[in-house]
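For the sequence shown, counting from 1, position 306 maps to 305 in numbering that gives the first Met the number 0; every step adds exactly one.
There may be inaccurate statements among the hints.
[Unchecked claim] Result set (BS3-like, lysine-lysine): computed pairs, CA atoms no more than 30 Å apart in a straight line:
1. Lys184 - Lys130
2. Lys4 - Lys71
3. Lys222 - Lys200
4. Lys203 - Lys309
5. Lys37 - Lys203
6. Lys309 - Lys126
7. Lys61 - Lys102
8. Lys102 - Lys36
9. Lys222 - Lys36
10. Lys197 - Lys223
11. Lys267 - Lys222
I should point out that these hints are in silico values taken from the structure, not numbers from a laboratory.
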Amino acid sequence: MVTNKCNCDCDFCFWKYHIQEEELTLPEIQKLYGQAKKEGFMNSILWGGEPLLRQDFTEIAKASYDNGMYTKMATNGWYLTENHEFGNYVDLMFVSIDAIGEKHDVIRGNRWGLYDRAINGIEFFKKHYPKMRIYICATVSTVNDAQSITDIAKLCKDLDILLYLTINKSYQDFTEWSGIDKLKKLERDEEQLAELAKHIKSLKHAGYPIRNSDYFLDYLIEKKNYYECHWPQVAMVIYSNGDVLRCTDRQPVPSLNVKNMDLGDIIKSEEFIGIANKCKDCKMACVGNYALDASGLWRFDWDAIKSIAKIAIT
0 MVTNKCNCDC DFCFWKYHIQ EEELTLPEIQ KLYGQAKKEG FMNSILWGGE PLLRQDFTEI
60 AKASYDNGMY TKMATNGWYL TENHEFGNYV DLMFVSIDAI GEKHDVIRGN RWGLYDRAIN
120 GIEFFKKHYP KMRIYICATV STVNDAQSIT DIAKLCKDLD ILLYLTINKS YQDFTEWSGI
180 DKLKKLERDE EQLAELAKHI KSLKHAGYPI RNSDYFLDYL IEKKNYYECH WPQVAMVIYS
240 NGDVLRCTDR QPVPSLNVKN MDLGDIIKSE EFIGIANKCK DCKMACVGNY ALDASGLWRF
300 DWDAIKSIAK IAIT
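Construct the complete structure from the given sequences, taking the supplied hints into account.
Take a look at the structure:
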């Protein structure tokens with residue numbers, strides 16, 4: 000996370016209740032990527048908040064790219080045509096779109112014009128940065144439905160880009176964050192998620208460019224809850240102020256901060272290892288299929304292996 004400041008106000012956002020005024024400086028981020036390369040990290044995703052609010056975002060992306068990372072970023076699309084030079088250093092871009100037209104603007108906190116700016120930005124990047132892979136990232140919650148998902152899938156097919164869906168599902172109580180848990184009101188129950196997953200899978204098999212794995216969709220359809228999460232042994236999240244994220248409750252861990260500790264020392268520390276082990280009891284708190292797919296590798300689950308391979312090469 001390069002910043003948790005944002006120009007939108009989405010009700011389903013987990014991160015806006017922990018605004019950090021202090022952010023890592025560009026030299027601190029550059030140093031961090033040097034350490035990440037040394038520790039063998041190969042992928043990086045830059046996100047927020049809205050990362051393009053940082054005027055030095057291009058330099059941040061360059062630091063990731065120059066240290067050998069497959070560099071990704073996530074944006075709401077508002078600033079794409081204004082601050083586009085980062086496209087020279089980003090391999091894959093996620094643009095958030097949850098519905099078509101003004102309905103999307105409403106979902107994103109009445110940010111009028113956001114949908115049009117995002118679409119214009121996507122078309123700009125397709126023209127000027129043709130090697131970049133572009134995804135629309137849609138959040139599945141009670142504010143959109145099967146028809147909305149179908150419409151977005153058609154949009155992606157028309158634009159010749161990819162679609163990835165995240166699930167607004169946390170298995171957590173966020174009342175302590177904001178005084179009211181708006182997030183829970185936006186979550187679909189397991190039965191509703193199962194029906195939507197069936198619909199998404201049918202769209203995928205009908206040829207729409209959906210990149211969620213069948214392994215993940217089947218997990219939702221069959222309402223399973225067996226998997227043991229190993230994601231912290233694959234990846235880690237760092238808050239904009241340098242704190243490591245404890246992903247089971249999305250809380251920062253100030254004692255593990257990259258400004259004060261070398262990244263290698265952090266991942267070898269007893270505290271971080273304890274956090275990683277605790278994650279084994281977590282069920283889909285990170286709302287995406289990458290953690291589920293990767294965790295299947297620990298069981299040598301062939302379906303998980305096939306899912307990861309297919310996503311990697313398509």
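Hint by hint, here is what the structure shows:
1. At roughly 40 Å between alpha-carbon atoms, Lys184 and Lys130 are farther apart than 30 Å, so this suggested pair is violated.
2. Annotation: proposed proximity of Lys4 to Lys71 holds, straight-line Cα distance about 19 Å (limit 30 Å).
3. In summary, the hint linking Lys222 to Lys200 is supported, as the alpha carbons are separated by about 15 Å, within the 30 Å threshold.
4. With a CA separation close to 13 Å, the supplied pair Lys203 and Lys309 stays within the 30 Å bound.
5. Using a Cα cut-off of 30 Å, the hinted pair Lys37 and Lys203 is violated, with the two alpha carbons roughly 38 Å apart.
6. A hinted pair counts as satisfied when its Cα atoms are at most 30 Å apart, and Lys309 with Lys126 qualifies at roughly 26 Å.
7. A threshold of 30 Å between alpha carbons decides the hint, and for Lys61 with Lys102 the separation of about 35 Å lies outside it, so the pair is violated.
8. Restraint check for Lys102 and Lys36: the C-alpha separation of about 42 Å exceeds 30 Å, so the hint is violated.
9. Simply put, Lys222 and Lys36 have alpha-carbon atoms about 38 Å apart, too far for the 30 Å limit, and the pair is violated.
10. At most 30 Å may separate the alpha-carbon atoms for a hinted pair to count; Lys197 and Lys223 meet this at roughly 14 Å.
11. For the proposed pair Lys267 and Lys222, the alpha carbon gap of about 35 Å is over 30 Å, so the pair is violated.
Checked against the numbered hints listed earlier, the structure breaks hints 1, 5, 7, 8, 9, 11; every other hint is satisfied.
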